[in-house]
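**Student:** Go by the hints and put chains B and C onto chain A.
Each chain, written out:
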Amino acid sequence: MDNEDSTKTMLVVLRHAPHGSSWLREGLDVALVGAAFGQTVDLLFLGDGVQALVKGQQQGPLGQKGTHPTLDMLAMYDIDTLLVDAESLAQRGMTEADLQLPVTLVTASQLPHLFSRHASVFNF
Amino acid sequence: MRYALLVQGAPYSHQAAHSALRFASALIDRGHRLETVFFYHDGVYNAQRLATPPQDEPHLVEAWQRLHHEQGTALLVCVAAALKRGVIDERESRRHGKQGHSLAASFELTGVGQLIEAAMTHDRLVTFSP
Amino acid sequence: MQLHLLNRSVASSHVYRDALRAMGDDDYLLLIEDGVYGAVAPLVEHFSSIAGRLFALREDLESRGLEERCAESVIVVDTEGFVQLTEETERTVSWF
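Residue numbers (this note's numbering), protein chains in the order written: chain A, 1 to 124; chain B, 1 to 130; chain C, 1 to 96.
Keep in mind that the hints were calculated from the coordinates and are not lab data.
All values derive from a computational prediction rather than experimental measurement.
Note that beta-carbon positions come from the ideal geometry of N, C-alpha and C, so glycine has one too.
A portion of the hints provided could be inaccurate.
Cβ-to-Cβ under 7 Å is the rule here; a few derived chain B residues that face chain A [claimed, not checked]:
1) His41
2) Val112
3) Gly113
4) Ile116
5) Ala119
Pairs of lysine to aspartate or glutamate, EDC-like flavour, derived with a Cα cap of 16 Å [as the list claims (entries may be wrong)]:
6) Lys55(A) to Asp72(A)
7) Lys84(B) to Glu26(A)
8) Lys8(A) to Asp78(A)
9) Lys55(A) to Glu96(A)
10) Lys8(A) to Glu57(B)
11) Lys65(A) to Glu26(A)
12) Lys55(A) to Asp98(A)
13) Lys8(A) to Glu108(B)
Extracted from the complex, chain A is given alone in its bound form:
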């Protein structure tokens, strides 16, 4: 990160679970477009947002699109920093072993710095 142009760093915070609303999908879209526009994008999964990473997701009834296929595309867009709030994960009875991608756990004390060090923050 230190070598990156700091004016082009973007944090996308994902706080909503898949399927129940479109916040997660539309938040991920902003992340992908940001990366396509040359931003260095970090994702932070916070609160119910950690559910986005759970293994074994499928599309919903009537073909409702899930978000799990989008997660597989992140690497293609050079989005490889997936930050997960450790407390949110623990609260939901989950560990890293339950997640479909490798992640970096962040502690409560690291959260404020995450928000302040990125040039732009999108909170979904």
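**Tutor:** Frame of chain A; chains B and C shown alone:
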């Protein structure tokens, strides 16, 4: 300073559009410029051409249009979020073989890239969500 | 230094907890819309960790009939004051 707003709440369902419009007029009163409003998620319904509120309620679509006419504010609507919600301009309507269009005048369909751009090029981006 | 906006009542949504956890030591929190329900005792106690940095939007307090009941520890600002807070801080983060 140059401001951009991100509006994500549908009009008449949530307070987001009211809050954003109130904030818009206050920032202009303080000598700032409102250059861009980006509509995303259910916020795209703010661009509905056929919105017909009763006379004793504020006409939010017209309030956005006034900002465009009086301040030159760009009213940008995310095309992906809009099309699937039935907010469609003449060009897209033709392209998809639809009858009629629903995007109000002064609003334009655009990509999410414009939101990223707004975050980079404006001094402030303030989000109003449902 | 950042300005955080919260539009949910602490009585019905836990999102305020994440907002508080994300706040830096000199960040501000402004309660708007249904967020202003948290500006009244006893709910305002949820914000005791950010005393002196908690604001509430006057127009939203007034429209909800809460202006008289707003806790003294809360700094009440009108929308002009809201704009001023966005001038003083580098960025705004919205929690909903």
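**Student:** The structure should be examined with respect to each hint, and the outcome stated for every one.
**Tutor:** Taking the hints in turn, this is what the structure says about them:
no. : hint                 : verdict
1   : His41                : 6 Å, holds
2   : Val112               : 4 Å, holds
3   : Gly113               : 5 Å, holds
4   : Ile116               : 5 Å, holds
5   : Ala119               : 4 Å, holds
6   : Lys55(A) to Asp72(A) : 12 Å, holds
7   : Lys84(B) to Glu26(A) : 12 Å, holds
8   : Lys8(A) to Asp78(A)  : 14 Å, holds
9   : Lys55(A) to Glu96(A) : 10 Å, holds
10  : Lys8(A) to Glu57(B)  : 42 Å, violated
11  : Lys65(A) to Glu26(A) : 12 Å, holds
12  : Lys55(A) to Asp98(A) : 6 Å, holds
13  : Lys8(A) to Glu108(B) : 26 Å, violated
When each numbered hint is compared with the structure, violations occur for hints 10, 13.
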